[in-house]
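**Q** Protein sequences appear in the order of chains E and F. With numbering that gives the first Met the number 0 as the guide, the letters of the first sequence map in order to residues 0 to 324. With numbering that gives the first Met the number 0 as the guide, the letters of the second sequence map in order to residues 0 to 324.
Don't read these hints as lab results, they were simulated from the structure. The beta-carbon is built from N, C-alpha and C at its ideal position, and this holds for glycine as well. Treat each hint with caution, since some may be false.
When the alpha-carbon atoms are kept at most 35 angstroms apart in a straight line, the in silico DSBU-like pairs for lysine-lysine are as follows [claimed, not checked]:
(1) F:K321 x F:K208
(2) F:K220 x F:K172
(3) F:K172 x F:K292
(4) E:K321 x F:K33
(5) E:K33 x F:K321
(6) E:K208 x E:K33
Here's a subset of chain F near chain E, in silico, CB distances under 7 angstroms, partners left out [as the list claims (entries may be wrong)]:
(7) G52
(8) P53
(9) I57
(10) D84
(11) Q86
What follows is a set of in silico ranges between Cβ atoms, one per label pair, in the way DEER data are often shown [what the hints assert, rightly or not]:
(12) F:D141 x E:E317: 21 to 31 angstroms
(13) E:I324 x F:E103: 43 to 53 angstroms
(14) E:V271 x F:V267: 14 to 24 angstroms
(15) F:A24 x E:T96: 19 to 29 angstroms
(16) F:R28 x E:H178: 40 to 50 angstroms
(17) F:V225 x E:I324: 48 to 58 angstroms
(18) F:S109 x E:V271: 34 to 44 angstroms
(19) F:E233 x E:G27: 23 to 33 angstroms
(20) E:P122 x F:P122: 37 to 47 angstroms
(21) E:A49 x F:E45: 25 to 35 angstroms
(22) E:I324 x F:D141: 56 to 66 angstroms
(23) E:E238 x F:E103: 32 to 42 angstroms
(24) F:Q168 x E:A4: 35 to 45 angstroms
(25) E:D40 x F:E45: 46 to 56 angstroms
In case you want the letters, here they are:
There are 2 protein chains.
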Amino acid sequence: MTSAAFDVLGIGNAIVDVISHADDAFLGRHGLVKGSMMLIDEARAESLYADMGPGVEISGGSCGNTMAGVASFGGRGAYVGKVRDDQLGAVFGHDLTATGVSFETPRATSGPSTARCLILVTPDAQRTMNTYLGACTGLGPDDIDVERVAAAEVTYVEGYLWDAPAAKQAVLKAFDAAHAAGRKVSITLSDSFCVHRYRTEFRDLIRSKVDILFGNESEIKALYEVDTFEAAMEATRKEAKIAALTRSEKGSVVVKGSETYAVPAAPVARVVDTTGAGDLYAAGFLFGFTHGKPLAECARLGGIAAAEVISHVGARPEQALKTLI
Amino acid sequence: MTSAAFDVLGIGNAIVDVISHADDAFLGRHGLVKGSMMLIDEARAESLYADMGPGVEISGGSCGNTMAGVASFGGRGAYVGKVRDDQLGAVFGHDLTATGVSFETPRATSGPSTARCLILVTPDAQRTMNTYLGACTGLGPDDIDVERVAAAEVTYVEGYLWDAPAAKQAVLKAFDAAHAAGRKVSITLSDSFCVHRYRTEFRDLIRSKVDILFGNESEIKALYEVDTFEAAMEATRKEAKIAALTRSEKGSVVVKGSETYAVPAAPVARVVDTTGAGDLYAAGFLFGFTHGKPLAECARLGGIAAAEVISHVGARPEQALKTLI
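Isolated chain E (complex conformation) (with noise of 0.2 angstroms):
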């Protein structure tokens, strides 16, 4: 096995956030759920906006936060994903290359536009979410380079990839190029609704080839149809190598076999806007994993992202990650 080019190779829908304020009547109105992530079509996508507020527009995507999150940890990330060649597409290949993330993936030219995310704020700080997939169902295994995969310490993946018709398929070539290299593979199971669609074949992939799973309260509870964050971490014990567990204010535990690493969160002065604490998590412990840290100090620098990204608006550091640790 060479010495890796990359630390962290992640593999995502790429989207563009549109966030902006909204109560619960605004939720109620439209039967949205809160802390959810809804996908919409483009006609509903342009009907919600229209009823929205002013907007700011973020680069986002689960995994494009993340892979933003290591590059400011100071490591070396790749990205795939798909945009089209539209103003949004720009934006989000910018902003990511600008944090210093590789981001090769053509471009579509033609077929739907760059993806979107609108994002309600409500007053609570949660984040409702609502996608219009766009030119990510465009992402396909022939976007998978299996050269650059095998060029990176961890292939990362995020759940909500399954929602892309071909995407699955990408992930699939990337786990074993990955594999075939002696690299590891990462999946987040991404949203508690996303586990609901996909629970079969997320379980058959935790145990076949999967070595870091994350995955927050609700959404390991879903993975294993349990109700206590107990009996699904002990479940999530039998079948994982290794899962980083997130539990909001609670902190994180890490479980590999009979080891369990039990981590505070770090304090945060107070919390404006949780999207993408679940993100930069997994970019600080990806980080620390790749620079070869024990997984007590994985969950640590996990820690320490999440509490940076849930103390303003927005799902990408403002501050340098590596400035905090």
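Position chain F relative to chain E; hints supplied.
**A** Chain F alone, transformed into the frame defined by chain E:
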């Protein structure tokens, strides 16, 4: 004179801001003058953008910010400005109408793309602006609906419009329509470099047509080519009917004939980004003016709006301004 349907009708360059952080070395490397607005062509916009850090896209444009501010106070506003039928044009239109401002200017269906302003915020909270005018260059007299102008108590324009070839003719058409309907007209000097470019025209216009002039200390010093605020203020007093002159942390001074009202700045806990300070001052002032407030109260409202906008990144209010008065 019938009662006004709009408090303020604004005409401006319709621009989406791309806000990024930069240090002084970046400004030096690119030959940028801190605190100023520089016009750039598309090629320069591309190369500067490529070298900038990750950005946040927020609808802007000096007059657009002012109109969003008027609406945030609860005022009735209309806006005239030119975007293209592209994604950033849609963002601009959405954000302005979502604040409650009426915006009906037809979008360009060909020609340059929607204008962008690449804004670099330095650690001292100063902003350095680089504007690619794009579709704004298509604004002309045909975009002025004289009935809408006649329906607005004040027509307000930005000096920056003089940089767009046909916009000046649009302004003059609007000013004549406003005065024919017994309404008032107002202009902001926008920027000291802008004043240097159009000094003679601005002075002629102030003497012949303008009812309310907005300018900051450096702009009025540039306008009358004098070295002190006091000399500039006295020169302004002689030529302008009403002038609202801003002085950053020193507050503002309103002069009208022999009357002078000096109003201190509203307190700000921490200045984060001065972008939009002058725009929001004008918003507060014009909201007060069109609601029959005395001039000193208009200035106080301007100060409150300016204080809100400099306490966060971005040039439009995050809090509803009507809740602050």
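**Q** Using the C-beta atoms of A24 (chain F) and T96 (chain E), is the stated range 19 to 29 angstroms upheld?
**A** holds (20 angstroms)
**Q** Given the hint of 23 to 33 angstroms, is the C-beta distance from E233 (chain F) to G27 (chain E) inside that range or not?
**A** violated (58 angstroms)
**Q** Determine whether the Cβ-Cβ distance between I324 (chain E) and E103 (chain F) falls within the hinted range of 43 to 53 angstroms.
**A** Holds, since I324 (chain E) and E103 (chain F) (Cβ atoms, about 52 angstroms apart) stay within the stated range.
**Q** Taking only the CA atoms, is the gap from K220 (chain F) to K172 (chain F) under or equal to 35 angstroms?
**A** Holds, at roughly 28 angstroms.
**Q** Between P122 (chain E) and P122 (chain F), does the beta-carbon spacing fit 37 to 47 angstroms?
**A** violated (30 angstroms)
**Q** Min Cβ distance, P53 (chain F) to chain E: is it shorter than 7 angstroms?
**A** holds (4 angstroms)
**Q** May I ask you to test the hint 40 to 50 angstroms on the CB atoms belonging to R28 (chain F) and H178 (chain E)?
**A** holds (44 angstroms)
**Q** How does the Cβ-Cβ distance of V271 (chain E) and V267 (chain F) compare with 14 to 24 angstroms: does it lie in that range?
**A** Holds - the Cβ-Cβ distance for V271 (chain E) and V267 (chain F), about 19 angstroms, lies within 14 to 24 angstroms.
**Q** Do S109 (chain F) and V271 (chain E) keep their Cβ atoms within the hinted range of 34 to 44 angstroms?
**A** Since the Cβ atoms of S109 (chain F) and V271 (chain E) sit about 42 angstroms apart, the hinted range of 34 to 44 angstroms holds.
**Q** Given a hint of 21 to 31 angstroms, does the C-beta separation of D141 (chain F) and E317 (chain E) actually sit inside it?
**A** Given about 43 angstroms between the Cβ atoms, the range is violated.
**Q** Within a Cα-Cα threshold of 35 angstroms, do K208 (chain E) and K33 (chain E) meet the stated pairing?
**A** Within the cut-off at roughly 32 angstroms; holds.
**Q** What's the verdict on K33 (chain E) and K321 (chain F), does the C-alpha distance respect the 35 angstroms limit or exceed it?
**A** Holds, at roughly 28 angstroms.
Checked against the numbered hints given earlier, the structure breaks hints 10, 12, 19, 20, 23, 24 and 25 and satisfies all the rest.
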